[in-house]
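Participant: Starting from the known structure of chain E, fit chain P onto it as the hints suggest.
Protein chains in written order, with my numbering: chain E, 499 to 766; chain P, 97 to 327.
Because the hints were derived from the structure by calculation, they are not lab data.
Please note that a few of the clues may not be correct.
[Stated by the list, open to error] Once the Cα atoms are required to be at most 30 Å apart in a straight line, the calculated DSSO-like pairs of lysine-lysine come out as:
| id | chain 1 | residue 1 | chain 2 | residue 2 |
| --- | --- | --- | --- | --- |
| 1 | E | Lys749 | E | Lys603 |
| 2 | P | Lys173 | P | Lys161 |
| 3 | P | Lys113 | E | Lys521 |
| 4 | P | Lys173 | P | Lys133 |
| 5 | P | Lys161 | E | Lys521 |
| 6 | P | Lys161 | P | Lys133 |
| 7 | E | Lys727 | E | Lys663 |
| 8 | P | Lys237 | P | Lys173 |
| 9 | E | Lys521 | P | Lys133 |
| 10 | E | Lys621 | E | Lys727 |
| 11 | P | Lys173 | E | Lys521 |
| 12 | E | Lys633 | E | Lys727 |
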Amino acid sequence: MLIDWFTVIAQVVNFLILVWLMKRFLYGPILRAIDARESLIASRLAHAEARMTEARTEGEGFRLRVAEFDRQRAALLRDATEEAEAERRRLLGEARQAADVLIAKRQQALRDDARQLDRAIRKRTLEEVFAISRKTLSDLASASLEERLGEVFIRHLREMDGDAKDRLGAAIGTASDPAVVRSAFELPEGQRAAIRTALNETFSADVHVRFETAPDLISGIEFSVNGQKVSWSIADYLTSLERDVDELLAKGDEDAAAPGPEPEPEIP
Amino acid sequence: MRLSPDEVVFWQSGIFKLNATIVFTWGLMLALTLGAKLITRRLSTDLDRSRWQNLLEIIVTAIEKQIEEVGLGQPRKYLGFLGTLLLFVAAAGLCTVIPAFEPPTGSLSTTVALALCVLVAVPAFGITEQGVTGYLGSYVKPTFIMLPFNIIGELSRTLALAVRLFGNMMSGGMILGILLAITPFIFPIVMTALGLLTGMVQAYIFFILAAVYIAAATRVRTPGPVPETAL
Numbered sequence: 499m500l501i502d503w504f505t506v507i508a509q510v511v512n513f514l515i516l517v518w519l520m521k522r523f524l525y526g527p528i529l530r531a532i533d534a535r536e537s538l539i540a541s542r543l544a545h546a547e548a549r550m551t552e553a554r555t556e557g558e559g560f561r562l563r564v565a566e567f568d569r570q571r572a573a574l575l576r577d578a579t580e581e582a583e584a585e586r587r588r589l590l591g592e593a594r595q596a597a598d599v600l601i602a603k604r605q606q607a608l609r610d611d612a613r614q615l616d617r618a619i620r621k622r623t624l625e626e627v628f629a630i631s632r633k634t635l636s637d638l639a640s641a642s643l644e645e646r647l648g649e650v651f652i653r654h655l656r657e658m659d660g661d662a663k664d665r666l667g668a669a670i671g672t673a674s675d676p677a678v679v680r681s682a683f684e685l686p687e688g689q690r691a692a693i694r695t696a697l698n699e700t701f702s703a704d705v706h707v708r709f710e711t712a713p714d715l716i717s718g719i720e721f722s723v724n725g726q727k728v729s730w731s732i733a734d735y736l737t738s739l740e741r742d743v744d745e746l747l748a749k750g751d752e753d754a755a756a757p758g759p760e761p762e763p764e765i766p
Numbered sequence: 097m098r099l100s101p102d103e104v105v106f107w108q109s110g111i112f113k114l115n116a117t118i119v120f121t122w123g124l125m126l127a128l129t130l131g132a133k134l135i136t137r138r139l140s141t142d143l144d145r146s147r148w149q150n151l152l153e154i155i156v157t158a159i160e161k162q163i164e165e166v167g168l169g170q171p172r173k174y175l176g177f178l179g180t181l182l183l184f185v186a187a188a189g190l191c192t193v194i195p196a197f198e199p200p201t202g203s204l205s206t207t208v209a210l211a212l213c214v215l216v217a218v219p220a221f222g223i224t225e226q227g228v229t230g231y232l233g234s235y236v237k238p239t240f241i242m243l244p245f246n247i248i249g250e251l252s253r254t255l256a257l258a259v260r261l262f263g264n265m266m267s268g269g270m271i272l273g274i275l276l277a278i279t280p281f282i283f284p285i286v287m288t289a290l291g292l293l294t295g296m297v298q299a300y301i302f303f304i305l306a307a308v309y310i311a312a313a314t315r316v317r318t319p320g321p322v323p324e325t326a327l
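Isolated chain E (complex conformation) (with noise of 0.2 Å):
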């Protein structure tokens, strides 16, 4: 006989015996594993998904605030260079400003130091005329410079023409304050009486007559009154002289700056 029915009993407690010994010892741990492993990968996929939403809200909202920084930072800019730029033209327009004054002032200088200098000039010419006209004259004629400038002027007043001539006649008839002769050096008292005498006969009356120095005439003689004034002085020649100069300097400078206006300089 094949079949030991002992031997299937005792087979069949073994196989039960085995079977609680698999669950105990395999089943149950293994598939316990297994259960903690896949939960455990379950709360780290949802504790990873949790993170990546809040990375993702995180992220959005960081967005944001880096585009309001941008359009921040873009506002700031522009009103930094409107700023820039208008403070660039009222500097500009500042220093323009300024340049011009300066550019004026000197200008201003310029022509005070050409006036000073044609007066030095003039001044320097007369005196060396004056000079050269004494000398001439004294070495002409036996009689001083003085002498006969008080001659020349006597002839003036008695040569006068008819319209100044009744100025002045009014003049000293209406004046109260005495009548002025002006010269630049002391008269002799013999051309003082004559000058005197030469007065009183050409306007027929008694004039009272103060005699001053004037060094700025030169050489000459001036006789005012009342505001009216006749005079004859080497000056008078010398600013003749002058003023033919002057114009004709003018003349040239006119045609110097004919050719075009002045450049205006030009600013960046």
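Facilitator: Then chain P, alone, in the frame of chain E:
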């Protein structure tokens, strides 16, 4: 020539005896239990795990999946019984490569014992699922006349289960014995390899048939008994 390891008796007292079948079964039980115990001693529930744990997990989940594919909805409920059937028969087949080892499944007593377990387990699981009347009702479907045929089918398939495994395992050892006598070199190795394959296939067949029987018994609307396969 002996056909079964039952015939090798180490010790006997009355009806109690200790034959090779029982001893080798104990050996297998010890090996399986110790192996499982050693590997599951330090189980990791984290993502990193040992290779042995991985192997066991693969085996357990594969068995679970197979049970599910047969049609049993809650595989964990049947994993203990069906999985142990598979592991025991497969381990017995695998150990045939060890010299002097005689597979306990090569004894008709063992296969009858396993088939009897299936015979009891099928109605047990069926009643647990459907209730007594629900399960017993399946025997008289579609008509009352089918009752004897269903009972005969139940018994005959149990017998077929026992004899099929016994025949395959015994024949493997038998062929090997004969071949060793004729051509002692090389050829027996090929046959041993073939026997190994046979053992694995038989383990799978035994397991899957038991699963199918249980599935048929636990299914609520059973149209009829599952036809016996031609294996």
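Participant: Now look at each hint and say whether the structure bears it out.
Facilitator: Structure-based check of each hint:
For the proposed pair lysine 749 of chain E and lysine 603 of chain E, the alpha carbon gap of about 25 Å is at most 30 Å, so the pair holds. Taking the CA atoms of lysine 173 of chain P and lysine 161 of chain P, the gap is about 13 Å. The hint holds against a cut of 30 Å. A C-alpha spacing of about 28 Å is found between lysine 113 of chain P and lysine 521 of chain E, which places the hinted pair at or below 30 Å, so the restraint holds. For the hint pairing lysine 173 of chain P with lysine 133 of chain P, the CA-to-CA distance comes to about 21 Å; that is within 30 Å, so the pair holds.
Proposed proximity of lysine 161 of chain P and lysine 521 of chain E is supported: the alpha carbons are some 17 Å apart, at most 30 Å. A threshold of 30 Å between alpha carbons decides the hint, and for lysine 161 of chain P with lysine 133 of chain P the separation of about 23 Å falls inside it, so the pair holds. A distance of roughly 11 Å separates the Cα atoms of lysine 727 of chain E and lysine 663 of chain E; the hinted pair therefore holds under the 30 Å criterion. Note on lysine 237 of chain P and lysine 173 of chain P: the hinted pairing holds, with a Cα-Cα distance of about 27 Å set against a maximum of 30 Å.
Only pairs whose Cα atoms come within 30 Å are accepted, and lysine 521 of chain E paired with lysine 133 of chain P is accepted, the gap being roughly 11 Å. With a C-alpha separation of about 23 Å, the suggested pairing of lysine 621 of chain E with lysine 727 of chain E holds against the 30 Å cut-off. At most 30 Å may separate the alpha-carbon atoms for a hinted pair to count; lysine 173 of chain P and lysine 521 of chain E meet this at roughly 11 Å. At roughly 29 Å between alpha-carbon atoms, lysine 633 of chain E and lysine 727 of chain E fall within 30 Å of each other, so this suggested pair holds.
Hint compliance for this structure: every hint is met.
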